[in-house]
Every structure is written in structure tokens, then in C-alpha cells.
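Asks: Sequence:
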Amino acid sequence: MEEEFHFGAFSIVPARRSLMRNGSAVPLGSRAVDILLFLLHHPGELKTNAEIVRQVWPETFVDEANLRVHVSALRKALGDVRREPQFIANVPGRGYTFIAPVNRRSNGAEPAAASPIPQKSRPERLPGRIFGREQTIAAVAGQLAKSRLVTIAGPGGIGKSTVARALIARGGFEGEIVWIDLSEVATGNLVPTVLASALGILSRSDDIVREIAVHLQPRNLLLVLDSCEHVVADIAELAEDLLAEAPDLHILATSREPLRADGERVHRLLPLDLPASAVTAEAALVSPAVQLFVERADACLGGYELTDEDATDVVDICTRLDGIALAIELAAGRLEATGIAALSRSLSDCFRVLTRGRRTALPRHQTLRATLDWSYLILSQEEQQALRELSVFRGRFSGRAAGAVLSGSEPEDLLAALVAKSLVVVESATDETLYRLLDTTRLYAGEKLAGSGELPGAMARFSTHLSVALESAEQDLYAALPEEWPDDFAQQVPGLRAAVDWAFGPFGDALLGVRLTVAALPLFFRLSLLDECLAALTHAIAFLDARPGLDERSRMKLYAALGWPQLRATHAPELGVAAWTTARRIAEELGDIDHQLRAIWALWVDMLNRAEPRQGLELAARFTALAPSSSDPSDIIIGRRMRAATLHWLGRHAESRDELLAMLADYEHVPQAHHSVRFQFDQRVTARIILARCLWMSGDEKAALDEAEETMRYAREIGHNHSISNLLAEAVCPLALLSGNDEEAANAIRLLRDHTKALSLDVWHTYADGFEAELHLHAGEYRLCLAKLRPAMDILDRAGFNLFRTYFQSIEAQALSGLGQHAEAGGVIDAALVHCDVSGERWCLPELLRVKALVTAKGQGPDALDAASAILEVARTAARQDRAAGWERRINLELEALGHEPAQLSGAAG
0 MEEEFHFGAF SIVPARRSLM RNGSAVPLGS RAVDILLFLL HHPGELKTNA
50 EIVRQVWPET FVDEANLRVH VSALRKALGD VRREPQFIAN VPGRGYTFIA
100 PVNRRSNGAE PAAASPIPQK SRPERLPGRI FGREQTIAAV AGQLAKSRLV
150 TIAGPGGIGK STVARALIAR GGFEGEIVWI DLSEVATGNL VPTVLASALG
200 ILSRSDDIVR EIAVHLQPRN LLLVLDSCEH VVADIAELAE DLLAEAPDLH
250 ILATSREPLR ADGERVHRLL PLDLPASAVT AEAALVSPAV QLFVERADAC
300 LGGYELTDED ATDVVDICTR LDGIALAIEL AAGRLEATGI AALSRSLSDC
350 FRVLTRGRRT ALPRHQTLRA TLDWSYLILS QEEQQALREL SVFRGRFSGR
400 AAGAVLSGSE PEDLLAALVA KSLVVVESAT DETLYRLLDT TRLYAGEKLA
450 GSGELPGAMA RFSTHLSVAL ESAEQDLYAA LPEEWPDDFA QQVPGLRAAV
500 DWAFGPFGDA LLGVRLTVAA LPLFFRLSLL DECLAALTHA IAFLDARPGL
550 DERSRMKLYA ALGWPQLRAT HAPELGVAAW TTARRIAEEL GDIDHQLRAI
600 WALWVDMLNR AEPRQGLELA ARFTALAPSS SDPSDIIIGR RMRAATLHWL
650 GRHAESRDEL LAMLADYEHV PQAHHSVRFQ FDQRVTARII LARCLWMSGD
700 EKAALDEAEE TMRYAREIGH NHSISNLLAE AVCPLALLSG NDEEAANAIR
750 LLRDHTKALS LDVWHTYADG FEAELHLHAG EYRLCLAKLR PAMDILDRAG
800 FNLFRTYFQS IEAQALSGLG QHAEAGGVID AALVHCDVSG ERWCLPELLR
850 VKALVTAKGQ GPDALDAASA ILEVARTAAR QDRAAGWERR INLELEALGH
900 EPAQLSGAAG
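Start counting the sequence shown at 0; every next residue gets the next number (numbering that gives the first Met the number 0).
The hints are simulated quantities; they were obtained by calculation from the structure and are not laboratory data.
This structure is a prediction, so every number in the text was calculated from the model and none was measured.
All clues stand as given, with none of them false.
Pairs of lysine to any residue, SDA-like flavour, derived with a Cα cap of 25 Å: (1) LYS145 x GLU173; (2) LYS701 x ASN740; (3) LYS46 x GLU183; (4) LYS46 x VAL32; (5) LYS75 x PHE37; (6) LYS756 x VAL278; (7) LYS701 x LEU774; (8) LYS447 x LEU433; (9) LYS447 x TYR375; (10) LYS447 x GLN384; (11) LYS75 x VAL61; (12) LYS75 x SER10.
Based on the provided sequences and hints, a complete structural model is requested.
Replies: What follows is the structure, given as C-alpha cells:
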């Protein structure tokens, strides 16, 4: 009995080595016959140049050019010389595939009976230890018990084949098992031929599928079809045909997209679980992703144990690789040449780094790029373009956002197709379905986008989408808590950065960048993204300043934002005044009441920071006069808060307190309190800061501390970091110090320092040094006090932030006096008193006079004590005039120390 191969008009009997065409012999050289027979025995499979050479010239060194000569002769003999090959296809640089259908017949014999499963049809290898897939394996086994067709779907390298092998290894299926790797099958029409070959069927008809079905009818068999994604339509049709004819057949497929065949159950394979925020080795090793990395690192290095020192970097590696098993294995394999920390830093170029897979791995799993190439190349051209364009998103995005960026005619269909092919991940954690690209996929698609010439168009559409979304959500960004925003704008910040960088880059659209910057101002401020904000403002203002009249409204808004105190350098306070003055001028020219109010407010803040409350009161009056013209009636309430705060710095604490209480009551009825961005701080917080200070000044220390604590709770609830820093600097720290609670003060100072450092708030960070200096004074550490205080006062003076300068001067004077430098101490406190007289500042005037008395009492003159007593009487009179019982209490203690009778407080809060 002779085996015979039939393909097209040709046939060949291997034993005779004669090629026939319609019964006539075709001349063919011996080596060409060997090549033909080798390819015919592996139809549809890619055979590399090296494999063919080893088969045809087993003991001879042959250059690949020699192989090409013989293949060319073979093609000519077959008439396979057209542009589109009919029989033998070349994969450049790799090898050849026999692509025509092949029938294998046995001459003079009936169709072969069911043959035992060839060993080669078993899985090439069973998995070793696997991580985090126990529930998945059990779930797939359960699905196979319910359905005869199950597909394990997921992105490349996630471990689909590993799960299938593990399922086989656990031995739950009682029948035969056939494993077929379809990754090297070039075209879908070859699938039946490959399947017949794997099953040992010698086909004698033109209906191979029918012969396979007949062959499988009596068998209880699990057919595992690995890597179906590039021939998915043909597999779906074949599966339906076979399952209809073979009642005991089960099919388990692995694919990057479902087959969408009748009766199919799909199990979506997710990435390996990542640790939440592990800082120790023990916590990190709970994660299967970390377990896999450590196991592969141990194998690579011949011994490795995760340490607490490495844990953070290993978690970072696994997280940046999205928990994709193949990528993690490739990363661990690089440890032969680099350390853990260096590997973590290098993953920004993961396609260059992750290039050394196992020698036995399939070619598409040798590198991360090859894995993604495999997925990308089987997409349609429209799907490829859609994937490239979606790479502009740096986080989650909605279907609506995708539709704004995709240029294809059917964006919803394209998005659905990419989801089906496991290139886009669906996340349904909210009411709206959200999508994202795994980071590795996004980086790959981003490279493709940059090389396609489509980047400008995609970035322009993305930037426009962000601008429209931010503009439409302006009121929500002003008023709502971040978790209540209609879109997860915080997730879009990386994409926003990329869009701004592109817009102001050499190939971007600067005018679009201006629009995007203006739209993003509320988001920048609510999320305290000051560095990004300043960089974007600088670019946008430079562009518009060079083009007067192009967009004056945007220019006004940009200058208004540039004037924010948090954005200006501490050594250039005049820049803030100049920015707000420019914004006010443009606003007046445009008749923009809103921005006139913002500018007046900012100039008022500058006056208070410069410790000029008398001029500040004039600006507050201007604001109050203009506020009724605003479309927002709550601006009148804001004007009252400004006046009340100014009264406090003028020493009119009772008036300030009463005005603030009334203002806060009215503010409760404001429907959308979006002033935290218009006026930089949450208005309740800023009002309650001054209210707490007034309560202390009025003598109700407990109420003041309670108010500060409650305000802190509220500020944390609304999540406005700048308001928290303001509260710490102007209320929590100074009130703890004034109340003598040094331990609480130290904690608050530490919190202020950490908070302002994280937000790059240099001025408020410097306030912490001033408050710490007062702690040193309380401890009698006068030199440490001066060493900490004087540099801080210099920084604040250069920055134009003299709000607490006179009070800090009282600390300096006490430290100098403690060192015996009484004359210098007297000069410092006299300078503070002169400033109060000129500026109208009076909030701590009684305290300044108390300190002057202390310094005077330590003098050498015979009348020092009498002079000190007289100054204390003046201080007490000032405190009573201001109804400042808090200061008066401290003054009375000094008078009693000098032998005066105890006095009743006259200005206590009631």
C-alpha cells in the first residue's frame, strides 16, 4: 500500500519520488523533491529555512541562497510563478509554507480506520508551576462540563495556552486529547488539512471536513485548538460542523478573540492580580504576578529571594507590565544583565528591554514586540488605525471619548472589534462602561501612531475632546467633590499633560493648546497640579502676547491664573501683582465683571499678605461695590467675607466674628459654591480660619480650637489641598502655639511642612520654619530660635508675604532678649510697632506691646520695671479697645508678675 499526496492538478507518491501532473510526469531535481515532500508532510505550517536545510541536507553546510535556488526550481515546475502564490508561500527572512489544500490517500485501500492519536498531537509541554490561575482552571473545566465548545480569550502573552495545558494536566477529561498549535498555519483554508494530519487521517476525498467528522463520530475526544485568532472565522465554521456530527467531541480553543460560534462559551482571561500597595516582601508575595516574577528570577539567577528592599521595584515592574505573564517572564529573564532597580527604571522602553524569551518558546513569544506584532498584523487596516489612535488615551476612557478621537466611519464597531480581540480592556466599575489599553499595548500602538504620520490629527482630536469635556464640566469642577465629577478627570491628567506638550511642541497646534490650558485651569487648581499649570500658562501667554488681539478673553483668563500666589516665585512677588493688574485691565476692556472681581480679590489678597490691611479694606469696598453687577449673587457674600477678614487684621475682632457668622449662614444657601477656583480657596474654609482666630482673640480658646479642628475635618472631606495648607498655616499652627499646646503645635507644623513640600508651596512651607522657631523659644533655645526664624523672615519678606511679620518680630525680640541683647530686641519690636502705625495692622498690637514691656523690664535702668508696667497698661488698654480678651489674659499675667492686682477680663467673647 502506497501513500499518495494530491494537491491541485498534481500528485506525488513519496516512495517513487515522482511528481505527476494530470497523469504526466513533471521533471524535478532530487533536492527539490525533498523540499516538496517535507512541506507536504507539514501543510499550512511555516517551516523555517534552517529546518528545511537540516531536512534536505542533513550532514552538509548549505547556504540559504542554495535553498532559494531549489525552491525557485520547484515553483517553476509547479507553475507557481504568479504574484500571489498558489502552492508555496514565502515568509521573508523566515521560511516557507505549503498553502494549498492537500489530500493524503492510500492507494488500493479503504479509508483508514480510526488511528491512535499521534504523539505529536499532544501538547508540546505541560506547564510547570503556575500562579494565580487555580480558580480560572476550575472555571474553564466547569464550562467544558456545560458546553462542548469553550474559548479562553485574552491578550497575547496573558497565559491562555498555559491555562489550557494546566487543564489537561489535571486529568479531568476521560477521553482522548488532541492538541493542535495553529500559530504557524498561514491561512484558514489549511486548517482542515492540518487537523486531518494531526488526527492521522489519510484523506481520499475532496471533503476533508466530512472525513474528519466521520473519523471523530465514535470518539470521546477533547480537541484543543491553540492560537486561533488569525484564522478565527474558519475555526468557527469548522467547530460548528464537527460538533454537529460528533456527539462526544469537545473543543477547547485559545484565541485573542472569541470564535462567535454557535454554542460557544467564552472565558475572558484577566491579567495576574497585582498587589495593592505593598512595601514589604511578605505583602508583595500575596500577588500571583510577583510570585511569577520571583520564581522566574530564581530560575534565571540560580537563586533569588524577594527582599523588602526590592519589593517596591518588583511591584512597580509587575504593575507597569499590567500583570501580563509573558511580559513578567521576559522582564525576570533580564536579571542576568541588570539589577532589579535598574530594570524597573528601564521599562519606559519595554520593547527594547523585553527581548529574551525561552529558546523553546514560540517565535511570537520570544519578545514582547513579537507578541504584539502577532495581534496587530491580523487586524484589518481600519482596526489597526483605530488602535493607533486610541493610544493617545493615557488612562480610562468612555465610548463617547473614543468616538471623538477615532477617525473611522464606525467608531463604535471599531471599538467593539478591538475589545473582542483583547486589545482594549473593558472596565465597568461605574454606571458608564469605560475602556483602557494595557500600558504595553498603548506604548506599542503609540510607536505605530508616531510612525504612521497620523499623530498630529489624532492628538488634535484628542485635545479638542479634552477641551470640550473640561469646558462643559466647568461648574462641576468648581463645585463638586472629585469623586462626584461627571467624568473621572483625575484619570485624564496624564493624557492632558501629553496633549499640552504636543500642542506647544514644534509640530503641534498652539492655539488649540491655549484653549486646552484655559479649559484645564479649574482641574489644575482643584488637583493642586501647580507645576503643570505654570508650564502650560507660560507657553500659552507667550503665544498670545506675541499675537495681540488674537484671543483677548483667553489671555485675560491666563493672566488671572498666573497671578495665583501659589504659582509665583517667592523672590518675585511683583509678578503676581503685574499679572492681576493686566487681567483686570483686559477684563475692564471686555466688560467682564467676573474677572474684574477676581482681579480685585487677588490684589486685595496681595495687600493682606503685605500686611497692609488699611489699603486692603479699600479694595474689599471696591469688590463689594462691583459685586451686585455680577451674574452670581453669591459674590456679594464673598465681598462680606473679604471685609470681615480685613477687619480681623485691623484688630476689629468682634466685628469680624459677627460678620463671618452671618456670612457663613448666608453661604449655606448658595446652590453651587464654585468659588474655590474663582477665588482659589474654599470660601467656608477661609471664613472659618478667620473665625477661629477671632474666637481666640476674643478669649474663647476652646471654641477657637474646636472650630479649627472641625474646619480641618471639612477641608479634608472636600479634598482641597490648598485650603488645607491655608488652614494649617493661618489657624491650626498659630492657635496651638498661642494656647501653649506645644505638642499639638509640633504635630501641626510637621503636617504643614509635609503638605506644602508635596505641593511645592514654598511660602507656606517657610511659615513652618517660623512656627518651629517659636517652639524653640518656648523651650528656651534662643539661638536655635533665631537660626530658624531669621532666614524664614527674609524669604517671606522677599516674597511679599509679611502677614505674620510683626508677630514673628515679637518672637525674634524675645529670643534676643533671652540672649541678653536687649537693645537689639527693643529695636526689633519698635520696628514692628512703627509698621502697625503706618499700615493700620493691629491684630497683634497688644501682644507686641506686651513683648516690648518684657524687653524693657530686663533693661539695666533703675526705672525699667516702672516703664515696663506702664507699657503693659497701654497694652491692656489696646486689648480692651479691640475686645481682645485672649491678648488681655497674657498681659494680665505679666502685670501680676510685676505685683499688680489681678484684673477682670473685659473683652471676653460672649
